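The primary structure of each chain is shown beneath.
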Amino acid sequence: MKKRKERIDRGIKVRSEDVFALTSYRELLYLTAPRLLPVFGLLILVPLSPPYWQEIFISTAVYALLAISWDILVSVGLISLGQSLFYGVGSYVAGALNHYCGLPPVLTIPIATVTGAAICTIALLPVLRLRGIYFSMVTLVLPLMILRLVEATRILGGTEGLTGLSPFPNQITAMYLANCCLLVALFGFRRLMDSDYGLIIRGISDNDRSVMSAGINIHWYKTQILFLGGTVGCFAGAFGTHHDMFAGMPGFALDYSIMPIAAAVVGGTGTFAGSLLGAFILVPLSEILRALGALRIVFYGLFLVVFVVGLPEGLFHYIRRKYHQFERWVEVE
Amino acid sequence: MKGGEELLTVTKLLRAFGGVLAVSSVDFQVKRGELLGIIGPNGSGKTTLVNLITGFVKPNAGEVRFKGKDITGLPPYRIVGMGIARTFQMVKPFYQLPAFKNLIVPLCSPRIKGLLGGSYGDRDAVALDLLEEVGFERDANVAYKPAGALPQGYLKRLELAKAMALRPELLILDELFSGLSLAEVASIVPIIEKLRFQGKTIIMIEHRLKELFRIADRVMVLNFGMKIAEGKSDEVMADEAVKKAYLGSEAG
Amino acid sequence: MLLGTLVYGFVNSCILALVAMGFNLTFGISGVANFSYGAIYIFSGFTAWIFLNSIGFPYIICVIISIGLSATLGILIYHFVIKRVKGLALSEVMATFGLGLAIMELFRYFDFVGFKYTLPNIVEGSVAIGDVYLDYQRIAVVFIATALTAFIYLFTHHTKTGLAFRAIAQDERTALTFGIDSDRIGALSMGFGSALAATAAIVVLPMGTIAVEGGYDVLLNALAVCIVGGLGSTVGILFASVLIGFAQTFTANYLEPHWMMLVSLIAIAVVLCVKPSGIFGHQKELEERI
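Residue numbers (our numbering), protein chains in the order written: chain A, 12 to 344; chain B, 635 to 886; chain C, 199 to 488.
Keep in mind that a hint or two might mislead.
Reference listing, derived: stretches of chain C covered by chain A, where coverage requires no fewer than 3 residues with Cβ under 8 Å from a Cβ of chain A [said to hold, decoys possible]: (1) 271-283; (2) 291-304; (3) 409-422; (4) 460-466.
Derived lysine-lysine pairs resembling DSSO-like cross-links, with alpha carbons at most 27 Å apart [as the list claims (entries may be wrong)]: (5) Lys703(B) x Lys692(B); (6) Lys726(B) x Lys284(C); (7) Lys333(A) x Lys16(A); (8) Lys473(C) x Lys692(B); (9) Lys861(B) x Lys692(B); (10) Lys726(B) x Lys866(B); (11) Lys16(A) x Lys779(B); (12) Lys779(B) x Lys24(A); (13) Lys844(B) x Lys861(B); (14) Lys861(B) x Lys665(B); (15) Lys844(B) x Lys779(B); (16) Lys726(B) x Lys281(C); (17) Lys692(B) x Lys834(B); (18) Lys861(B) x Lys834(B); (19) Lys665(B) x Lys779(B); (20) Lys646(B) x Lys861(B); (21) Lys333(A) x Lys779(B); (22) Lys866(B) x Lys646(B).
If the Cβ cut is set under 8 Å, some of the chain A residues that face chain C in the computed set are [to be verified]: (23) Ile90; (24) Leu92; (25) Ile144; (26) Ser147; (27) Leu151; (28) Val152; (29) Arg159; (30) Leu160; (31) Ile299; (32) Ala302; (33) Gly304; (34) Leu306; (35) Ile308; (36) Gly312; (37) Leu322; (38) Pro323.
The hints are simulated quantities; they were obtained by calculation from the structure and are not laboratory data. Just so it is clear, the structure is predicted and the values come from calculations on it, not from any experiment. Just so you know, even glycine gets a beta-carbon here, dropped at the ideal spot from N, CA and C.
Bound conformation, chain A alone (with noise of 0.2 Å):
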């Protein structure tokens, strides 16, 4: 007698999939504790643990960015190796503006977000048109290159980078600044991604010539999302520099391109949701194991082949799941 999962939608979930949820407190609730979750944590629980706590969950923001920027990505079927790439131009813009110029962060992180976005666009514009790993190759190499170039050219403050920028008034400005930024890219691209245009974009990385020949630009929609994420990558870089009062190489280094990929694997891809998860869950266990040094990459590379191999779907699909459907074993002949 063999076995066999069964999964059923939960009768609250089927309910309250329509307008009539509304008519019970019970399935309100249901509806959007899940969604009030991350608002409430983000917002009012994390400013208040203590001031050790906040300093890391500033920069699991900052990570958890630039994973939602990588999943937008990948979204479109572009698979970037080089999230750090955002960073280190996000970083730099806002740096040399800041040092060079004066302006303060409030001018210096929109206008970063923004050229910086546009800068990365157009360095990666050519390979949009390619298929398979292109994408992959260029965005590893790109920001690797571009730190030897800084290093070599001494451009940009060299090796040493561009030290005392304005910092962020207080440490609460700075975690509601990027918390919410967070919050509204994650609401903002999962609206988007349940809308026609994200259709289109979910077409573009499943089957790109049948929405060729549905009469569709996939370049300009390409282009699009690597801007929107190119915005939020360039938004971490800019925020990331003024709260470290710091813009250098260590921008373009390899830590701000592997952790995002990984926080957004382990938690799961698609959702946005996953990759706030995986942020949050491994860049606080990073600082648990900030004692074992290099091996902390190791577990990043470790983490990534099992949840890519092991686990595709990764944490997020997997309590959702759980959270709409139960499992039962049937019998099966």
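We have chain A; now place chains B and C onto it with these hints.
For chains B and C alone, coordinates are given in the frame of chain A:
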């Protein structure tokens, strides 16, 4: 239908892959309102010809004119924008999505926005209407099923609906009938006839000669990338070169 | 100065070609982009060093063991990682990238850092060409790079396994119907690619120290050469190696050594703008065959 204006003119179209001439110097015209069938043994360059016309493959030489305008080598989305839509031989719908959601992508195209001037109402409703037109029974709610759960016959219809959603002037159907049972083919033929009645111009690439000959105005035969015959169905049937090409390919 | 630059430029080109060949071979055969390539490169360097210095085997044995172990590592990676996600480009790239990082950083963790990690030259001594002194090791690099290129050409064109490689590269499904086991070929392609990485490491590393950063550099250089030359094209790889190799050496000698990386970057930028698929690349944009 005879004597209508020329909608599509293909002149000396040529494309080689490596050393193989997939399409070599093919000329033909399609008049408005006509149904042209293109047949030929496997590997005779039919699909490449479609890819060349629709911009998925760039020709090495030759010219494609549509409504008098040169469209050679334009990207596919521009060509769709001018009014040519195609189906693919290998259907690849978005399997997780409900069938009608598959039509949202073409309904979002700039062509439809241009035609309807921004006021296209409810896309879902339009999609459901289109699916009903190609034979998705509305009562049975087939259109709401995920595309992955549909049988081949419905997938082909979905493919047809995707092309129709673009409101094309010229519709190119690449082996729409392949892999379908006789009954399924018989149920799709009326849809095509209805499209013709509405005045659509159609090019059909087909292996099902019997059904094609019944509905086509004119048939063109390709072999090794070259046009070997063109004319009315019965003329083409009687052509010696055509017989040889088909028999030859079967023998080989 | 000019003669020296030319000679060293040629050596540099050979090094680049050696380094890029393994990555390109694996991709050309099984379509697997092995982002753990750099890790395998330094793995073989450190393995040879360990067997030489900690165990004390004769160097030639160490070389053979190192190449063998690297090939085995490549095959294991194929079986335990790539095979399970085959066909999903996203997963292949991330899994090999993650694994490569893990291997490289593991070496760093175990403190494989420092100047003592060097491999001996295959041949000692040097020769004067005009007024340019060239050590025999660099001549060996040229010789081995040429020999390997010829070997790969003969192998893929004239042996059964090699022809099966090419069949898989052309059309995996058709090859399957002819009874070619694509998993076996895939594993072999990883093994071969890794063995080439190891060979490159054995030949190139004596000219410097074995360092974790070297792994990243190798991956970077291999990718740069493949992007410029065109992924999967052997001719492209050779051409791009010569192009970048000479350009780098000229920059280093006439401008400043620091600017070498700039050359690769400019080469990549120019190629991407003019012909994104690489000079000899035929990476498909959208084309679909008959």
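Quick one, are Lys866(B) and Lys646(B) close enough, alpha carbons at most 27 Å? The given pair, whose Cα atoms are some 22 Å apart, holds under the 27 Å limit.
Using the nearest Cβ pair, does Ile308(A) come within less than 8 Å of chain C? 4 Å, holds
When you check the alpha-carbon spacing of Lys779(B) and Lys24(A), does it fall within 27 Å? 19 Å, holds
Is the hinted pair Lys726(B) and Lys284(C) satisfied, with a Cα-Cα distance of at most 27 Å? 20 Å, holds
Interface hint check: Arg159(A), Cβ to nearest Cβ on chain C, cutoff 8 Å. Holds or violated? This hint holds: Arg159(A) lies near chain C, its Cβ roughly 4 Å from the closest one there, short of 8 Å.
Would the hint linking Lys692(B) and Lys834(B) be met if the CA-CA limit is 27 Å? 26 Å, holds
In terms of beta carbon proximity below 8 Å, does the segment 291-304 of chain C have 3 or more residues touching chain A? holds (count 12)
Is the interface hint for Ile144(A) satisfied, with its Cβ closer than 8 Å to some Cβ of chain C? 5 Å, holds
Ser147(A) as an interface hint toward chain C, with CB separation required under 8 Å: Ser147(A) check passes; min Cβ-Cβ to chain C is 5 Å, inside 8 Å.
Would you check the hint for Lys333(A) and Lys779(B), treating anything up to 27 Å between C-alpha atoms as holding? Measuring from Cα to Cα gives roughly 24 Å; hence the hint holds.
For the pair supplied as a hint, Lys726(B) and Lys281(C), confirm whether the alpha-carbon distance does not exceed 27 Å. 25 Å, holds
Verify the coverage statement for the segment 460-466 of chain C against chain A, using a C-beta to C-beta distance below 8 Å and requiring 3 or more qualifying residues. holds (count 4)
Of the numbered hints given earlier, the model fails hints 10, 15, 19, 31, 32 and 37; all others are met.
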